[in-house]
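Asks: One-letter residues, chain by chain:
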Amino acid sequence: MTFEYAPAPESTSIVDIRPSYGLFIDGEFRDSIDGDTIKTINPATEEVLSEVVAAGPRDVAAAVEAARRAYQTVWGTMPGTERAKYLYRIARIIQERSRELAVLETIDNGKPIRESRDVDLPLVAAHFFYYAGWADKLSYAGFGPHPRPLGVAAQVIPWNFPLLMLAWKIAPALACGNTVVLKPAETTPLTALVFAEICQQADLPPGVVNIITGAGETGRHLVEHPDVDKIAFTGSTEVGRQIARAAAGTRKRLTLELGGKAANIVFDDAPLDQAVEGIVNGIFFNQGHVCCAGSRLLVQESIHDELLTALKRRISLLRLGDPLDKNTDIGAINSAAQLERIRALSEIGELEGAERWSAPCPLPDRGFWFPPTVFTGVSQAHRIAREEIFGPVLSVLTFRTPEEAVAKANNTPYGLSAGIWTEKGSRILWMADRLRAGVVWANTFNKFDPSSPFGGYKESGYGREGGRHGLEAYLAV
Amino acid sequence: MRKLAGMTATTPLPAVADLVNMPEAWRTLLHGLPSVDQVGAEQRAAMLATRSIKTTSKAWALDLAIRMVDLTTLEGADTPGKVRALCAKARRPDPTDPHCPQVAAVCVYPSMVSTAAAYLAGTGIKVASVATAFPSGQAPLEVKLADTRAAVAAGADEIDMVIDRGAFLAGRYSEVFDQIAAVKQACGNAHLKVILETGELATLDNVRRASWLAMVAGADFIKTSTGKVQPAATLPVTLVMLEAVRDFRERTGRQVGVKPAGGIRTAKDALRYLVLVNETAGPDWLDPAWFRFGASSLLNDLLMQRAKLATGHYSGHDYVTLD
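Quick mapping for you: the protein sequence lines, in order, are chains H and C. Heads up, the first sequence is in this note's numbering, so the first residue is 1 and it goes up one at a time. Heads up, the second sequence is in this note's numbering, so the first residue is 478 and it goes up one at a time.
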């Protein structure tokens, strides 16, 4: 007897996507001065959703100018108690419009509605609420009696969590008294443009938040603009390097949140069923498009076979398909380019001798899809154990002792996150002290909270976002 | 387990044999099971509770849920009249719809078994009886066995026994094992459901250990609760028990059923349990032979939702029978 779940698609009638969007500068949507247009598509169907601007240098300059003016005349001088009111208002409007935003995020990004509804949107609202609370308490944050804002922040965000990354950037910047020019990723601009509407709805003074769409070139113009005081970037390590070079020798403050190749370490005394859940959540959450994804499973050799059997059984249950279906676990890969990269690295994995297993799930005919995949017999020398795949591909390695687990976990140029699965509290602490990763999860994975700082070691970047620590990046300290 | 396979009197290592024959061997076995992380288990159960079951799959699942109900009355005030009414309901849950399936069983106290058996004869509906000093289990073994034999003699097809939680919590696992094994023997051909009373075991680690103990001792079903203790059935507890029966079949080849009981009142709850079964133990358990709901008020909500799905509107409480 099989229990087929009938399609349960979330209605799209709540979203209203315009055929084209301008740039949000100085509190209004404007036509571009010198930009091109780019199309944004639904990665699950390849349908064109809308046309947006690829902002040119003069567009960027106009946005930075508006942000500077707003900083000098309104926002930089406004008391924290007043700034907080705007942030609380934005947070409440996000909650009120959360279903609309979740559906739109899923359409533009390809992530399952279950995740945009249950993870992304609640965290977005929570982030604004959290930093709204800090706006009038900055004197007590540990950065001196009267910490000053930096000025105009240029913020460039990725496509994997479009609205959540926007919240991580804009909420602390505004709470500290900065104004922002934010560029969403070229494949996922739509929720940022609805956020611009929310700024209007909240009566946020013009110029405090400016949203300019575009691709890498627009981002380059933005971070290289001379009147920018602060750059915050989340994205690939390669682009992060370019930005660091561009910012070198200028007054600009820089925080980077880059790639990762996290180790998820499972000891033989781990709670096995929950470890399996954690491994699945670690690598298949958001199709593995997560910079802190647990993409390297380090399993104690003595339980390797047992764990892999349980893991494959569980992965076979994952439901891949229409991201708008409320029962979908694995949505679409965000773009053709990303799908190509995942395929290429997976083929390299096979060529290098690792054993490939993919969940036996049918893939839709249209759109960009990749089945949940596990590579076993992976060694530290394999490229799939070293390079960030940014897709639903797990590499499985083994270890024998805690020392070896730490050594292998740290043997990567990255250092964003790590996971430990063991029932021994003392071992968790021993490991956490030795793992060179910004976040160490114990008996869980991919848990986020606005009060918890997030950021990397080594080539995963520098600076922290979230929590009290996240304020530092937007204050002159 | 009292004597491991291969360990005979001629073994050259008597010290080892002594070791595994000690009652403490149960501790070694049960505490050697993989532990359960409560936060993770609750998270998994909560995630599965978001599954959206609509249209055709809902219709299918509602009928399956009705077929899995152990329609229960366990009150001091039970009378033959009450049991008779319950049996009538079990046979025709929805008098207006001849296509509405029957429930799996009627569950009563031992004194009501003969009444229920008389009214259910020839229907295929099982008579289940609680036994072994239900609900506390705090009685001498002889009393429990007599209770069981009496229920079986009166016509019970299934016996729902309670474990001695006091002995379990005190770590006297072999005593609990011996009692279950003895009751199993007293059951004869009747199926044995072992009630763990998970609300009193408190931790999910204990739930997993008690599940294994009951299965090794011969349980045909493991059941969450008596319904007399809060919390009764919960999704995380049932998740852990479903993992246990799945793992037990993998190791031994023997399939054991699961019965959450107590506190399941709505069709929505029932569908969540079925999703849990489907994605934990697997579709082999989606059958009244392997999964049951111990419930009384659940049936009426299942019937109302069933009618709603067929007609497009809710009929209201006065259109389902109160028994």
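Some clues are possibly wrong.
[Unchecked claim] Calculated pairs, SDA-like style, for lysine to any residue (alpha carbon to alpha carbon, straight line, at most 20 Å):
{"id": "1", "chain 1": "C", "residue 1": "531", "chain 2": "H", "residue 2": "7"}
{"id": "2", "chain 1": "H", "residue 1": "326", "chain 2": "C", "residue 2": "509"}
{"id": "3", "chain 1": "H", "residue 1": "424", "chain 2": "C", "residue 2": "680"}
{"id": "4", "chain 1": "C", "residue 1": "531", "chain 2": "H", "residue 2": "11"}
{"id": "5", "chain 1": "C", "residue 1": "535", "chain 2": "H", "residue 2": "33"}
{"id": "6", "chain 1": "C", "residue 1": "531", "chain 2": "H", "residue 2": "371"}
{"id": "7", "chain 1": "C", "residue 1": "535", "chain 2": "H", "residue 2": "447"}
{"id": "8", "chain 1": "C", "residue 1": "535", "chain 2": "H", "residue 2": "424"}
{"id": "9", "chain 1": "H", "residue 1": "424", "chain 2": "C", "residue 2": "620"}
{"id": "10", "chain 1": "C", "residue 1": "531", "chain 2": "C", "residue 2": "577"}
{"id": "11", "chain 1": "H", "residue 1": "447", "chain 2": "C", "residue 2": "523"}
{"id": "12", "chain 1": "H", "residue 1": "424", "chain 2": "C", "residue 2": "745"}
{"id": "13", "chain 1": "H", "residue 1": "424", "chain 2": "C", "residue 2": "505"}
{"id": "14", "chain 1": "C", "residue 1": "531", "chain 2": "H", "residue 2": "8"}
{"id": "15", "chain 1": "C", "residue 1": "745", "chain 2": "H", "residue 2": "371"}
{"id": "16", "chain 1": "C", "residue 1": "535", "chain 2": "H", "residue 2": "8"}
{"id": "17", "chain 1": "H", "residue 1": "326", "chain 2": "C", "residue 2": "523"}
{"id": "18", "chain 1": "C", "residue 1": "535", "chain 2": "H", "residue 2": "244"}
{"id": "19", "chain 1": "H", "residue 1": "424", "chain 2": "C", "residue 2": "508"}
{"id": "20", "chain 1": "C", "residue 1": "535", "chain 2": "H", "residue 2": "462"}
{"id": "21", "chain 1": "H", "residue 1": "326", "chain 2": "C", "residue 2": "529"}
{"id": "22", "chain 1": "C", "residue 1": "745", "chain 2": "H", "residue 2": "312"}
{"id": "23", "chain 1": "H", "residue 1": "326", "chain 2": "C", "residue 2": "536"}
{"id": "24", "chain 1": "H", "residue 1": "326", "chain 2": "C", "residue 2": "527"}
{"id": "25", "chain 1": "C", "residue 1": "531", "chain 2": "H", "residue 2": "319"}
{"id": "26", "chain 1": "C", "residue 1": "745", "chain 2": "H", "residue 2": "447"}
{"id": "27", "chain 1": "C", "residue 1": "785", "chain 2": "C", "residue 2": "509"}
{"id": "28", "chain 1": "H", "residue 1": "458", "chain 2": "H", "residue 2": "424"}
{"id": "29", "chain 1": "H", "residue 1": "312", "chain 2": "C", "residue 2": "679"}
{"id": "30", "chain 1": "H", "residue 1": "447", "chain 2": "C", "residue 2": "524"}
{"id": "31", "chain 1": "H", "residue 1": "312", "chain 2": "H", "residue 2": "245"}
{"id": "32", "chain 1": "H", "residue 1": "447", "chain 2": "C", "residue 2": "617"}
{"id": "33", "chain 1": "H", "residue 1": "326", "chain 2": "C", "residue 2": "727"}
{"id": "34", "chain 1": "H", "residue 1": "326", "chain 2": "C", "residue 2": "651"}
{"id": "35", "chain 1": "H", "residue 1": "326", "chain 2": "C", "residue 2": "533"}
{"id": "36", "chain 1": "H", "residue 1": "424", "chain 2": "C", "residue 2": "682"}
{"id": "37", "chain 1": "H", "residue 1": "312", "chain 2": "C", "residue 2": "761"}
{"id": "38", "chain 1": "H", "residue 1": "447", "chain 2": "C", "residue 2": "508"}
No wet-lab data here; the hints were simulated from the structure.
Asks: Now tell me if each hint is right for this structure.
Replies: Hints, one by one, checked against the model:
A C-alpha spacing of about 8 Å is found between residue 531 of chain C and residue 7 of chain H, which places the hinted pair at or below 20 Å, so the restraint holds. As the CA atoms of residue 326 of chain H and residue 509 of chain C are separated by approximately 38 Å, the hinted pair breaks the 20 Å bound. A threshold of 20 Å between alpha carbons decides the hint, and for residue 424 of chain H with residue 680 of chain C the separation of about 18 Å falls inside it, so the pair holds. Our distance criterion of 20 Å between C-alpha atoms is met by residue 531 of chain C and residue 11 of chain H, whose separation comes to about 14 Å.
The hinted pair formed by residue 535 of chain C and residue 33 of chain H fails the criterion: a straight-line CA distance of about 54 Å is larger than 20 Å. Taken as a hint, the residue 531 of chain C and residue 371 of chain H pair is broken in the structure, with Cα atoms around 26 Å apart against an allowance of 20 Å. Restraint check for residue 535 of chain C and residue 447 of chain H: the C-alpha separation of about 32 Å exceeds 20 Å, so the hint is violated. Note on residue 535 of chain C and residue 424 of chain H: the hinted pairing is violated, with a Cα-Cα distance of about 43 Å set against a maximum of 20 Å.
Straight-line distance between C-alpha atoms of residue 424 of chain H and residue 620 of chain C comes to about 43 Å, which puts the hinted pair past the 20 Å bound. Between the alpha carbons of residue 531 of chain C and residue 577 of chain C the distance comes to roughly 19 Å, so the proposed pair stays at or under 20 Å and holds. At roughly 15 Å between alpha-carbon atoms, residue 447 of chain H and residue 523 of chain C fall within 20 Å of each other, so this suggested pair holds. Restraint check: the Cα-Cα separation between residue 424 of chain H and residue 745 of chain C comes to about 38 Å, which exceeds 20 Å; the hinted pair is violated.
Our distance criterion of 20 Å between C-alpha atoms is met by residue 424 of chain H and residue 505 of chain C, whose separation comes to about 18 Å. A threshold of 20 Å between alpha carbons decides the hint, and for residue 531 of chain C with residue 8 of chain H the separation of about 7 Å falls inside it, so the pair holds. This hinted pair does not check out: residue 745 of chain C and residue 371 of chain H have alpha carbons roughly 31 Å apart, beyond 20 Å. Simply put, residue 535 of chain C and residue 8 of chain H have alpha-carbon atoms about 11 Å apart, close enough for the 20 Å limit, and the pair holds.
Of the pairs offered as hints, the one joining residue 326 of chain H and residue 523 of chain C holds, with about 14 Å between alpha carbons and a cut-off of 20 Å not exceeded. For the suggested pair residue 535 of chain C and residue 244 of chain H, the alpha carbons sit about 55 Å apart, so the restraint of at most 20 Å is broken. Straight-line distance between C-alpha atoms of residue 424 of chain H and residue 508 of chain C comes to about 15 Å, which keeps the hinted pair within the 20 Å bound. Taken as a hint, the residue 535 of chain C and residue 462 of chain H pair is broken in the structure, with Cα atoms around 50 Å apart against an allowance of 20 Å.
At most 20 Å may separate the alpha-carbon atoms for a hinted pair to count; residue 326 of chain H and residue 529 of chain C meet this at roughly 6 Å. Among the hinted pairs, residue 745 of chain C with residue 312 of chain H is inconsistent with the structure: their alpha-carbon atoms are about 29 Å apart, more than 20 Å. Between residue 326 of chain H and residue 536 of chain C the alpha-carbon distance is near 18 Å, which keeps this suggested pair within the 20 Å criterion. As the CA atoms of residue 326 of chain H and residue 527 of chain C are separated by approximately 8 Å, the hinted pair is consistent with the 20 Å bound.
Proposed proximity of residue 531 of chain C and residue 319 of chain H is supported: the alpha carbons are some 16 Å apart, at most 20 Å. As the CA atoms of residue 745 of chain C and residue 447 of chain H are separated by approximately 28 Å, the hinted pair breaks the 20 Å bound. For the given pair, residue 785 of chain C sits about 48 Å from residue 509 of chain C by alpha-carbon distance, which is inconsistent with the 20 Å threshold. For the given pair, residue 458 of chain H sits about 28 Å from residue 424 of chain H by alpha-carbon distance, which is inconsistent with the 20 Å threshold.
With a C-alpha separation of about 31 Å, the suggested pairing of residue 312 of chain H with residue 679 of chain C is violated against the 20 Å cut-off. A threshold of 20 Å between alpha carbons decides the hint, and for residue 447 of chain H with residue 524 of chain C the separation of about 14 Å falls inside it, so the pair holds. Straight-line distance between C-alpha atoms of residue 312 of chain H and residue 245 of chain H comes to about 44 Å, which puts the hinted pair past the 20 Å bound. At roughly 50 Å between alpha-carbon atoms, residue 447 of chain H and residue 617 of chain C are farther apart than 20 Å, so this suggested pair is violated.
With a CA separation close to 31 Å, the supplied pair residue 326 of chain H and residue 727 of chain C exceeds the 20 Å bound. Only pairs whose Cα atoms come within 20 Å are accepted, and residue 326 of chain H paired with residue 651 of chain C is rejected, the gap being roughly 46 Å. Straight-line distance between C-alpha atoms of residue 326 of chain H and residue 533 of chain C comes to about 16 Å, which keeps the hinted pair within the 20 Å bound. Restraint check: the Cα-Cα separation between residue 424 of chain H and residue 682 of chain C comes to about 15 Å, which is no more than 20 Å; the hinted pair holds.
Of the supplied pair hints, the one linking residue 312 of chain H and residue 761 of chain C holds, its CA atoms being roughly 18 Å apart against a limit of 20 Å. A distance of roughly 29 Å separates the Cα atoms of residue 447 of chain H and residue 508 of chain C; the hinted pair therefore is violated under the 20 Å criterion.
In this structure, the earlier hints numbered 2, 5, 6, 7, 8, 9, 12, 15, 18, 20, 22, 26, 27, 28, 29, 31, 32, 33, 34 and 38 are contradicted, and the remaining ones agree with it.
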